[in-house]
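Since chain A is already given, all that's left is putting chains B, C and D on it; use the hints.
Chains as they are written, first to last, in the numbering used here: chain A, 1 to 545; chain B, 1 to 209; chain C, 1 to 182; chain D, 1 to 124.
Hints listed in this document are in silico derivations from the structure and should not be mistaken for laboratory results. Hints are supplied without guarantee of correctness; some may be wrong.
Unchecked claim - Stretch-level coverage of chain C by chain B, calculated; a stretch enters the list once three of its residues show a Cβ under 8 angstroms from a Cβ in chain B:
| hint | stretch |
| --- | --- |
| 1 | 33-41 |
| 2 | 46-56 |
| 3 | 65-77 |
| 4 | 133-143 |
| 5 | 147-156 |
All C-beta atoms in this analysis are idealised placements derived from N, C-alpha and C, irrespective of residue type, glycine included.
What follows is each chain in one-letter form.
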Amino acid sequence: MTDPTVAPVLLIALPIVAAAVVLLAGLRWPRSGWPISLVALVLEGGLAAWLASAVFGDSGRLVHELGAYGRPGENEFAVGIELVADALSATMVGLIALIALSVLAVTRRAGPRGVPFYAAYLMLIGGLMGVSLTGDVFNLFVFLEITGIATYTLVASNRSAPAAVAALKYLIVGTTGASLYLLGVGYLLMATGTLNMADLAATLAGEPSFVDGPMYTDPLVLASFAFIATGLFVKAAIFPLHTWQPGAYDEAPDGVTVAISALVSTIGAYAFLRISLSVFTPAFFEATPIVATVIVTVASVSVVAGSALAVMQSRIKRTFAYSSVSQFGLVVLATGIAVHPDAGASAAEAALIGAVIHLVGHAVVKGGLFTAAMGLALDSDARTIDDLAGLGRQSPVLSAAMALLGLTLVGVPPAVGFLGKWYIVIGAMNADLWPVAVVILLSTVLTLAYVARLFEQLYFTPAPSGDEAGAEAPADTSDDHAMAADGGNSADDGTEEHLSDPTPGAPFGVVAVAVGAAILAILLGFAGAEFADALEPFVTEVLGQ
Amino acid sequence: MTEDPTEGTEANGETSSREANDEPSSTDSQLPTETDAMGPGGTYVESQVIMTTVRVVAPFTFTYGLFLTFHGGGSPGGGFQGGAVVGTTILMIAFAFGIEPTRDWLSNRTVVGLASGGVLAFALIGLLPLLVGGRFLEHAVYSDEFGLYHGKKYALEGVEIVGIAPIVSAIVIGLFFTIAAGFVGQGAAWQSSGPGSYPEHDLDGGDEE
Amino acid sequence: MSPGAIELVLFAFVLLTALATAAFRDVLAAIIVFAAYSLGMAIYYAVLLAPDVAMTEAAIGAGVTTLLLLLTIAKTVRPGRDEIFESIHWSGLLVVGAFTTVILVTVTSFPEIGASDAPIVSNPEVSQYYIEEAYHDTGVENAVTAVLAGYRGFDTFGEAVVVFAAGVATMVVLHTEVFTRD
Amino acid sequence: MTPLVDVLTSRYAYVLFALLLGIGLYMIVSSQNLVKKVIGLNLFQTALFLFFIASAYLAGGQAPIVHHGGKEATYVSPLPQVIVLTAIVVGIAVTAVALALLVRIYAEYGTLEEDVLREVRSDD
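So here's chain A without its partners, still in its complex pose (with noise of 0.2 angstroms):
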């Protein structure tokens, strides 16, 4: 088994054979949960960082050939369901990854818990894993819905009435968004007769005997586009498709929520990426080149929209839920650029590898943001912007981060904020689509009303009562939490060390997870010209350059 092309199916199958293990041992321990759920995602952690080594190492692709039904012949088709591991999956099976691991330590005090709840969270992991290794339009459909009906699910775990509400607003959308997806494959299938997508590819390229020719201007083809379209937008949350998002932010318990923005609506935005790219490929966009001017055009809409929505919130959580609608604009933004029929080969590139790391770096920023949000609520039951007056004295080592992230999201350098929007807007110049440029611009700064809003809260605006244990020694907690984040979110967070936990609102697992998310966005600014140069080969690939 030293074989990497097993790591992407074991990636999948060990949260999912987690989950079903969950429920059984909880027949007999109740309190089996955490400790399963920290095993089995301690070891895809391993199995993560053994696929991206693979992948970006020596080996390159990796098909795993599921039942090994393989190809009839050379060049024929696959017949059975391939899970594909490229440059852009191994980069996405990583971050979910760290991401899981972290929310185990951030709901490990605060919760939710109980044994359905991580049965359903390892589900969660599951799904996003498939989506992100699946190399089948059908199949990615499926685990689509693993992950919604555990996202739904998670939003419902919180004891509130407006939960449920939220969840099952989400549900009716996101199925339809699904059906829509599926009504989009289902005119693929029409139109070319398999479902596999580098098979897809060079079917609408014309590519076997069976065609004749290109079906890139087929209206079959170009339905099925609009309809895939639609449906992953809906998941990714881009206005004006974005309705159920912020309720289900906003509703669903704090730890959910961090899991749920870092994870789920990325994954949407991540499908989006991948059928463009490996589906539809650049040279279909080159030949309807209204499709790619749509796209730029409605994304740029939702980057606008989705910071004023936010700067118009008075919930923190809400707040950041609509900043996510102007991000996921971003990365589809970029996306649009990249296979853009105007932009040369630069312009592509940088578009694209902007793109890529714009959807991990918000994925780490908001998820951190979220973490921090988290850890105020807990300190000070801050729900609104206006609560967290004065907390930058209160719960020193939470407003810094918050802070910092805060930063990162506008993009100030060189956190990773920064560079994927730089890439983005690098890309757009070369293209000569400058109202993109200013569109960005004009986003920037409506991002920074709002994060400005945050900082007079925090820092120059007086508690409204007296703050008694203010000012107690913030120096050594910083350093305290800085160490645990270098180590990562081990095992041990959050449970012996919550004691001598100068906060005690805040258990020590999310103040930890939100320093070192702060600290990972500013690492990945510094490691982002590096992470540039390995996801190369991938970029020129799929641009077919």
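Leaving out everything else, chains B, C and D in the frame of chain A:
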């Protein structure tokens, strides 16, 4: 009835597991026969005709479900259809004999065991070929490497019989009983006040935000 | 291929029951009509030579779904309103009308029903391969089962997981840790 | 006009698919009752299933139960049928979760009518 959702979630795991362990009965179940767990409206009627019919029919539908499961290879049918029919048989019994007695008769261990066991069995059938360098769900390994007679066919049918069918039947049953038990949470206060009664929203007034 | 008499009757039946499902204000009436609709669909699938799907739609679509819907309204109260039919929601109708028109336009570029040169049927490397090789590759005669549990067994794994997830989901949603009772 | 009618009669099942898709979507968008919204979601999905099944159909073909090799007869395509089987099961799973949520929403708010629910929630 917590003001703050976070506070609620903080206690969430603890309280719900304690509730489940120490006091498993829902509000409805304390009155097993008078108002059935079908809830407001009390739709359960003890009918000798229905009970006898179900007693006669149930073994047949159960067998038919198993037949569908086992014969998916050569004719229409398979684990999903068979599992659903087996699960529905139990629901039929619940309709005839009352949900509460049926719930008592079917232990949670059985249902969870079937569901989780099905997932594990499916995964195991899929993963075993990896041990000898095969691929996930490579059924041919069972005949070629493990030397089982008709191994690839039995592995494929095994997926349906020990994987899918138990999961589907257990979950159909589980869904039915969890939904029938209803939600024992904040709203339960008014729910127990009698079948068909309308809630007083003021009870929860000002809870949120 | 033009529709025969059976197809026309089914067409009308399915369409009418669907419209009635949408039109009835009373939820119980809508559920019962919807069950009839599902059965009509199941027969339609059988006519279109999909016996496995017909059986599944009958057992799961018409059977389990209806049972669960009935259970749900038994747990909740039906709206006690006087109107028999829903009033028409014009803005919704407009949006949906536009959507349906778009779909109908795409339908004109579909291959004819039953055409032997439609890629989905004729693709020599996928569908035809299944027909020709399924028995050899998997040892079962029902090509649907062969594809379901063999070639696309991983989809089926995911599908089984979805069912399992739904079970876990109801426990989480309804805040219980047991399906039945300890 | 006649060519269009011809086109549509030879694709009658797809016409039904389009209409059902519309009815389902209308129920999702317009129904005030949440149970009916969920039924609409189901209707929307069954329309998709009809699309797949019709696309697999082959005039003069047989159901894909192939007796040893299958060279003697023509068969409908098994692939879309398998997709529908999977999708039906996924659909019921989602429906079940939706219904559990409905039971809980009713327990919390005492209504499943969207307009009443909105009122109750804004009162809180």
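Evaluated hints:
With 0 residues carrying a beta carbon less than 8 angstroms from a beta carbon of chain B, the stretch 33-41 of chain C misses the three-residue requirement, and the given coverage is violated. Taking a C-beta to C-beta cut-off of 8 angstroms, the stretch 46-56 of chain C contributes 5 residues in contact with chain B, enough for the three needed, and the coverage statement holds. Check result for the stretch 65-77 of chain C against chain B: holds, 8 residues qualifying (beta carbon to beta carbon below 8 angstroms, three or more required). Judged by the Cβ-Cβ criterion of 8 angstroms, the stretch 133-143 of chain C is covered by chain B as claimed, because 6 of its residues qualify and three suffice.
By the rule of at least three residues with a Cβ nearer than 8 angstroms to a Cβ of chain B, the coverage given for the stretch 147-156 of chain C holds, with 6 such residues.
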